[in-house]
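> Residue-level listing of the chains:
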Amino acid sequence: MFGLIGHLTNLEHAQAVAHQLGYPEYADQGLEFWCMAPPQIVDDITVTSITGKTIYGKYVESCFLPEMLAHQRVKAATRKIINAMAHAQKHNIDITALGGFSSIIFENFDLEKMSHVRNIELDFRRFTTGNTHTAYIICQQIEQAAPQVGIDLKNATVAVCGATGDIGSAVCRWLNTQLDVHDLLLVARNRDRLEELQAELGRGKILELMEALPLADIVVWVASMPKGVDLAPEQLKIPSLMIDGGYPKNMGSKIQHPDIHVLNGGIVEHALDIDWKIMEIVNMNVPSRQMFACFAEAMILEFEGWHTNFSWGRNQITVEKMKQIGVVSRKHGFQPLLFNMN
Amino acid sequence: MTTATATTVLDYTSDSYKDAYSRINAIVIEGEREAHDNYLQLGELLPQHTDELVRLAKMEARHKKGFEACGRNLSVTPNMEFAQAFFAQLHGNFQAAAAEGKIATCLLIQALIIECFAIAAYNIYIPMADPFARKITEGVVKDEYTHLNFGEVWLKANFATVKAELEQANRDNLPIVWKMLNAVEADAKVLGMEKDALVEDFMIQYSGALENIGFTTREIMKMSVYGLTTA
Chain A
663 MFGLIGHLTN
673 LEHAQAVAHQ
683 LGYPEYADQG
693 LEFWCMAPPQ
703 IVDDITVTSI
713 TGKTIYGKYV
723 ESCFLPEMLA
733 HQRVKAATRK
743 IINAMAHAQK
753 HNIDITALGG
763 FSSIIFENFD
773 LEKMSHVRNI
783 ELDFRRFTTG
793 NTHTAYIICQ
803 QIEQAAPQVG
813 IDLKNATVAV
823 CGATGDIGSA
833 VCRWLNTQLD
843 VHDLLLVARN
853 RDRLEELQAE
863 LGRGKILELM
873 EALPLADIVV
883 WVASMPKGVD
893 LAPEQLKIPS
903 LMIDGGYPKN
913 MGSKIQHPDI
923 HVLNGGIVEH
933 ALDIDWKIME
943 IVNMNVPSRQ
953 MFACFAEAMI
963 LEFEGWHTNF
973 SWGRNQITVE
983 KMKQIGVVSR
993 KHGFQPLLFN
1003 MN
Chain B
1144 MTTATATTVL
1154 DYTSDSYKDA
1164 YSRINAIVIE
1174 GEREAHDNYL
1184 QLGELLPQHT
1194 DELVRLAKME
1204 ARHKKGFEAC
1214 GRNLSVTPNM
1224 EFAQAFFAQL
1234 HGNFQAAAAE
1244 GKIATCLLIQ
1254 ALIIECFAIA
1264 AYNIYIPMAD
1274 PFARKITEGV
1284 VKDEYTHLNF
1294 GEVWLKANFA
1304 TVKAELEQAN
1314 RDNLPIVWKM
1324 LNAVEADAKV
1334 LGMEKDALVE
1344 DFMIQYSGAL
1354 ENIGFTTREI
1364 MKMSVYGLTT
1374 A
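Chains A and B, in that order, give the protein sequences.
Each number in our numbering corresponds to the 1-based position in the first sequence with 662 added.
Each number in our numbering corresponds to the 1-based position in the second sequence with 1143 added.
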């Protein structure tokens, strides 16, 4: 059995969903209430691979909200993630993906040290960040969406924003060795980490965000911030391709320009309909088939019987691991989300 | 949730700590004393389980002695008057239910609500406790799971017939728990225990118990937060 740990976009969204699902006790409450709310299994999922194999899973709502980070409720935020993981383990889920902010909180606040939760000793082998698959899918989106919008990768400058993160660094490694791109721009907040990455890659220019954006034919956005970010078309090259692989995904609505093509990054489409309610709730365009690639990683690991933390630890994702997950991703019918050209 | 290390340094010998401890320690001692009596009373209501319930009652009596030692260790005199008033309403409801022979209500109050609350509080207290109390509390919390389990097993076996009674008992008693929690919020904070963590851990434990008994997720989500926001 696989599991997905997820959360809602913001307080307003959480209240609306609680209303929609018929939980008035949750619907009218403020942030304080969500800081006390326990994790819940809110969906049972059945997925069938194009190989014919069927697997079962559960969706664990952690009750985390990004406002907890914005309002310095770090203890509540970390509690939500650890408690959701304990909940998944208690329900005998073999492999669970940490979606949205869950894996970021786990890494940033060093939750590996908090393995003892009440009478449960967390077994981290049962969890995956799903970041290897997300990074792989983003790279596929770069390769396949660029020609869709008339960008030739050989002549393209690619800016990776959030380059030193787990997903960002993996994308850089792939771009460096697997795709023939003209130039690579590395953008992140921490200068030391940027220099380390540059040394590892043996290429790439370190630039500030606002310097990099007007130069980039392709912007890969893999930074995650509690409030998102405001970018305007004037700050970007025209034409350009923006792959919004961050969280929350809001570039599509913020950047409205006919020659700036925004694609939701790190999203896959499954070849067959999936029986679940949750993707409608998290506002996917095609809720029966589309999902975050990190969630799909848990499904893929379950299909293959790889009950192990395939993606774990910061900046450990190799090109080989990305290729490995890519092969089985395709095998079971997952495809990167691309532009609908019809 | 327990964290690996205490984030704030507590001075167990300070007047403010000992003052707060005099009430919290008393609550724990009184809670264990009432639990002892409640399990003996349940043993009379459930003659086929008397031996098991007497055994559970004896464990509670041992816990009481352990917590009395914790108070002595910090040279704190527990404020038992405060603790008796603290439990009065819940205690009254248990006695009323016992008098009417409402076993499910008695079990919900003692074996579910009080045990879940104790487990949540002890788990959050342990990383913040002084070394002496930590060791004692670690031993106690292991036992409390077995008490919770007794209630779960009996209620699960009788779920169909007691479901409605449990829902009513939940409505009658859970709001009291939130009020009790508010009454000790400030003292608990002095001991390094935060209210939102206590509530969350209680709800996790209580939701788990309701799930084991046979309630659906939807029912649990409604029951476990009943009265929380109006308390």
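The set of hints was computed from the structure by calculation and includes no laboratory data.
Hints should not be assumed to be uniformly reliable.
Mimicking DSSO-like on lysine-lysine, the simulated pairs with C-alpha atoms at most 30 Å apart in a straight line are [said to hold, decoys possible]:
| id | chain 1 | residue 1 | chain 2 | residue 2 |
| --- | --- | --- | --- | --- |
| 1 | A | K737 | B | K1201 |
| 2 | A | K939 | B | K1365 |
| 3 | B | K1299 | A | K737 |
| 4 | A | K752 | A | K939 |
> Has the given pair, A:K939 with B:K1365, been kept, meaning a C-alpha gap of at most 30 Å?
holds (20 Å)
> With a cut-off of 30 Å on the C-alpha distance, tell me whether A:K752 and A:K939 pass.
Given that 30 Å is the threshold and the Cα spacing comes to 23 Å, the pair holds.
> Holds or violated: are the alpha carbons of A:K737 and B:K1201 at most 30 Å from each other?
Roughly 37 Å between the alpha carbons, so the hint for A:K737 and B:K1201 is violated.
> Given the hinted pair B:K1299 and A:K737, is their Cα-Cα distance within 30 Å?
violated (35 Å)
Checked against the numbered hints given earlier, the structure breaks hints 1 and 3 and satisfies all the rest.
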